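*Asks:* The chain contents come next:
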Amino acid sequence: DVKVTQSSRYLVKRTGEKVFLECVQDMDHENMFWYRQDPGLGLRLIYFSYDVKMKEKGDIPEGYSVSREKKERFSLILESASTNQTSMYLCASSLRTRAGGYTFGSGTRLTVV
Amino acid sequence: KNEVEQSPQNLTAQEGEFITINCSYSVGISALHWLQQHPGGGIVSLFMLSSGKKKHGRLIATINIQEKHSSLHITASHPRDSAVYICAGSNTGNQFYFGTGTSLTVIP
Numbered sequence: 031d032v033k034v035t036q037s038s039r040y041l042v043k044r045t046g047e048k049v050f051l052e053c054v055q056d057m058d059h060e061n062m063f064w065y066r067q068d069p070g071l072g073l074r075l076i077y078f079s080y081d082v083k084m085k086e087k088g089d090i091p092e093g094y095s096v097s098r099e100k101k102e103r104f105s106l107i108l109e110s111a112s113t114n115q116t117s118m119y120l121c122a123s124s125l126r127t128r129a130g131g132y133t134f135g136s137g138t139r140l141t142v143v
Numbered sequence: 195k196n197e198v199e200q201s202p203q204n205l206t207a208q209e210g211e212f213i214t215i216n217c218s219y220s221v222g223i224s225a226l227h228w229l230q231q232h233p234g235g236g237i238v239s240l241f242m243l244s245s246g247k248k249k250h251g252r253l254i255a256t257i258n259i260q261e262k263h264s265s266l267h268i269t270a271s272h273p274r275d276s277a278v279y280i281c282a283g284s285n286t287g288n289q290f291y292f293g294t295g296t297s298l299t300v301i302p
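Going line by line, the protein sequences match chains F and S. Per this note's numbering, the very first residue in the first sequence carries number 31; after that it's consecutive. Per this note's numbering, the very first residue in the second sequence carries number 195; after that it's consecutive.
Heads up, a few of these hints could be off.
Said to hold, decoys possible - Simulated crosslink set (DSSO-like; lysine-lysine; CA at most 27 Å straight-line):
| id | chain 1 | residue 1 | chain 2 | residue 2 |
| --- | --- | --- | --- | --- |
| 1 | F | K85 | S | K249 |
| 2 | F | K101 | F | K48 |
| 3 | F | K33 | S | K262 |
| 4 | F | K33 | F | K87 |
| 5 | F | K85 | F | K101 |
| 6 | F | K83 | F | K101 |
To be verified - If you want the ones that stay clear, here's a sample from chain F, every Cβ over 12 Å from chain S, calculated:
| id | residue |
| --- | --- |
| 7 | G46 |
| 8 | F50 |
| 9 | D89 |
| 10 | E99 |
By construction, these hints were calculated from the structure, which means they are not laboratory data. Note that the structure is a prediction, hence the values are computed from the model and not measured. Glycine included, C-beta positions come from ideal geometry on N, C-alpha and C.
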């Protein structure tokens with residue numbers, strides 16, 4: 031069964047901490063995405079990657095960075111966590127052609143206190 | 195204004211009812227997706243369609259490209275259908291436009 035796995039379901043961090051959210055997929059997908067989901071705003075794209083070591087800014091990249099050293103792993107980094115980054119974070123992956131659509135991870139609910 | 199608008203935002207139905215969720219989009223897309231998100235859980239892709247109609251079990255998705263409108267129907271609704279349903283459009287540039295979701299509660 032194909033999967034996108036996010037390392038944590040729930041995470042509580044302090045303001046100013048550096049936070050790593052990990053995402054691993056086992057489908058050999060080229061594309062990987064990081065979204066945050068907030069009530070009333072839906073999903074907003076933070077960063078995406080089309081290939082290893084490639085990254086592109088999404089709609090709301092400020093305060094975030096990403097790393098894609100291996101095809102299967104896409105990490106989201108909060109350099110200095112702030113309370114307004116409290117949110118649900120969702121990772122997704124797809125083939126380059128998107129022929130099979132998106133596959134989402136189960137999400138990480140991050141609370142910054 | 196969102197590129198993808200869904201209605202209603204919230205929906206409560208009795209078990210067994212026929213349910214319709216609507217989605218309108220204002221941007222050019224090559225595919226329309228319906229996604230399902232259970233409370234506290236990840237998102238599951240239900241349908242990806244670019245024309246016509248698709249059916250999977252009690253779920254039916256339709257799209258009218260000329261009117262830029264799609265609907266998700268659930269027949270004989272059941273409490274386990276309770277979830278947030280999200281409409282999204284995608285283009286060939288891998289850009290996704292998400293609606294804000296419809297929260298469905300089916301009461302036994």
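*Asks:* Each hint needs a verdict: does it hold in this structure or not?
*Replies:* Here's how the hints hold up against the structure:
As the CA atoms of K85 (chain F) and K249 (chain S) are separated by approximately 36 Å, the hinted pair breaks the 27 Å bound. A threshold of 27 Å between alpha carbons decides the hint, and for K101 (chain F) with K48 (chain F) the separation of about 23 Å falls inside it, so the pair holds. For a cut-off of 27 Å, the pair hint linking K33 (chain F) to K262 (chain S) is broken: about 32 Å separates their Cα positions. Of the supplied pair hints, the one linking K33 (chain F) and K87 (chain F) holds, its CA atoms being roughly 24 Å apart against a limit of 27 Å.
Distance hint between K85 (chain F) and K101 (chain F) is fulfilled; the C-alpha atoms sit about 12 Å from each other, no more than 27 Å. Of the pairs offered as hints, the one joining K83 (chain F) and K101 (chain F) holds, with about 9 Å between alpha carbons and a cut-off of 27 Å not exceeded. Chain S leaves G46 (chain F) outside its interface by the beta-carbon criterion, the shortest separation being 27 Å against a cut-off of 12 Å. Under the 12 Å C-beta cut-off, the non-interface status given to F50 (chain F) relative to chain S holds; the minimum distance is some 19 Å.
The claim that D89 (chain F) lies off the interface is violated: its Cβ sits roughly 10 Å from the closest Cβ of chain S, which falls inside the 12 Å cut-off. Every Cβ of chain S is farther than 12 Å from the Cβ of E99 (chain F); the closest lies at roughly 21 Å, confirming the non-interface assignment.
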